[in-house]
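Here the protein sequences come in this chain order: D and Z.
As numbered in my numbering, residues 6 to 267 make up the first sequence, in order.
As numbered in my numbering, residues 4 to 260 make up the second sequence, in order.
Rather than coming from a laboratory, the hints here were simulated on the basis of the structure.
Just so you know, not all the hints are guaranteed correct.
[What the hints assert, rightly or not] No farther apart than 30 Å at their CA atoms in a straight line, the calculated lysine-lysine pairs in the DSBU-like style are these:
#1 K248/Z / K65/Z
#2 K223/D / K261/D
#3 K193/D / K161/D
#4 K223/D / K8/D
#5 K239/D / K261/D
#6 K161/D / K261/D
#7 K140/D / K5/Z
#8 K140/D / K248/Z
#9 K13/Z / K248/Z
#10 K140/D / K8/Z
#11 K140/D / K13/Z
#12 K8/D / K193/D
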Amino acid sequence: MSKLAIEAVSRTFAGVHGGPPTRALEPTSLAVEDNDFICILGPSGCGKSTLLRIVAGLDEPTSGRVLLDGAPVGGPGPDRGMVFQSYTLFPWLTVRQNICFGLRERGVPQAEQDRVAAHFVARVGLGGFEGHYPKMLSGGMQQRTALARALANDPKILLLDEPFGALDNQTRALMQELLLGIWEADRKTVLFVTHDIDEAIFMANRVAVMSARPGRIKSDVRIDLPHPRHYTVKTTPEFSAYKARLTEEIRAESIKAATMSL
Amino acid sequence: MKPLKPIGSKAGIALGVAFFLLFFLVWSVVTLGGFVSKTFLADPFTMLESGWRLLTVHGFHKDIGITVWRVVGGFVIAAALGVPLGIAMGAYKPIEAFFEPFVSFARYLPASAFIPLLILWAGIGEMQKLMVIFIGSFFQIVLMVAVTVGATRRDLVEAAYTLGAGNSGVVRRVLLPSSAPDIAETLRLVLGWAWTYVIVAELIGASSGIGHMITDSQALLDTGQIIFGIVVIGVIGLVSDYVFKLWNRRLFPWRLA
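Use the sequences and the hints to build the structure in full.
Written out as structure tokens, the structure is:
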């Protein structure tokens, strides 16, 4: 049985001002195995974030269903940790308090909270910043805290919605290595949405390419690059071959998306 | 001058004080120079002298005390009832749909127009004064708090849900803390308005208070006392505003960080 099963999930948004409804997502199916790192790759507006939000329980599918460990997903819950594209740290809480948010909600004893927080602060390299408020942190540090906050809940699956999209290139590359390192060490199951081809190939063991709107999964590419992956893998011929292939697939969809919006 | 360029704190204070001085200077020139009749506008020194006499001879500090008491009393009652209702309306849309149209309507009812009615109901005692301030403040507080709470960032709410928060957890741990600074700011603003209502309430049917003193002085054509009364209100407003700001800054350091 798959860890996460997305079964014929579609989403149609009601029309604005009596206009025609918008089909954001065609019926889409995807099976995520335990320890998978799947990147959902697609042009902007293809419905990839919608799909992830449905898995998170923040949006409801028009048809189809999502199963986590065989149980249907009803609403959002701590078993599916989420990192958003926008900075969603609670601004009134310090880094440590942000990381402990889920634990406190579950009534975990303070000593245990402190232990978990210390562990994940170290894990994402934020030692010394535990008492800082989000406003005092750079974008990269905020997203590292958001990652630690999601991981501290020990979710069954980690959902990431273009979490590094707003970061500069260098920071983004470091964040990718950090996340990959955590995945390699802790063997989490990850579903990662991105429009960045390099990012997808570097981190994923499977890349699901989505078509332009209405989105559907057009192809499912296995990435057979050895682990642990070092950033130098990005310059290997194997990496380039994957990139050439995915670029071709994405390009066709981007052109479609661009001409549709004209 | 370069737009939006900040200035140092010393220069800022100096400029602020400078305008006060300029204001007094113009006032002195206009009155002492004989451009305006003394009957209509007292000069600054007569004003201060009248004020001194009010405080030392006529026990004006008691009037100030009673007025402050009324403002604070009416405002605290309005806030104690208005803030929870505003939070409930901001958080839960059915509650908002139930109250919002009426509160929006009631907000435009001028508190001062209620004074004759309130005198009929509650006489000219303290109850009537508190009710004027309550009517003037309550609906404003409710609406502004509801808007603040309703405008909580949706992505923060969603993040809380994915971290395992339930509905009450989202209200307690996201909606409340994220709106708290703006609620405090709302209260600061409304307290300022409450000051106008109290004076209006005291102009009609009162036997004590700053407003009462002002009406009495009008009968005596003592513009010095009237202006002193107005200045006292201004100073108290300035001080309470400053205390409120300081307090908010202490309470919500994460806003400034």
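Okay, the hints, checked on the actual structure:
1. K248/Z / K65/Z: holds, 27 Å
2. K223/D / K261/D: holds, 14 Å
3. K193/D / K161/D: holds, 7 Å
4. K223/D / K8/D: Within the cut-off at roughly 21 Å; holds.
5. K239/D / K261/D: holds, 28 Å
6. K161/D / K261/D: Violated, at roughly 36 Å.
7. K140/D / K5/Z: Cα-Cα ~27 Å, so holds.
8. K140/D / K248/Z: holds, 20 Å
9. K13/Z / K248/Z: Holds - the C-alpha atoms of K248/Z and K13/Z are around 19 Å apart, at most 30 Å.
10. K140/D / K8/Z: holds, 22 Å
11. K140/D / K13/Z: Holds - the C-alpha atoms of K13/Z and K140/D are around 27 Å apart, at most 30 Å.
12. K8/D / K193/D: Distance ~11 Å between K8/D and K193/D Cα, so the pair holds.
In this structure, the one hint that does not hold is number 6.
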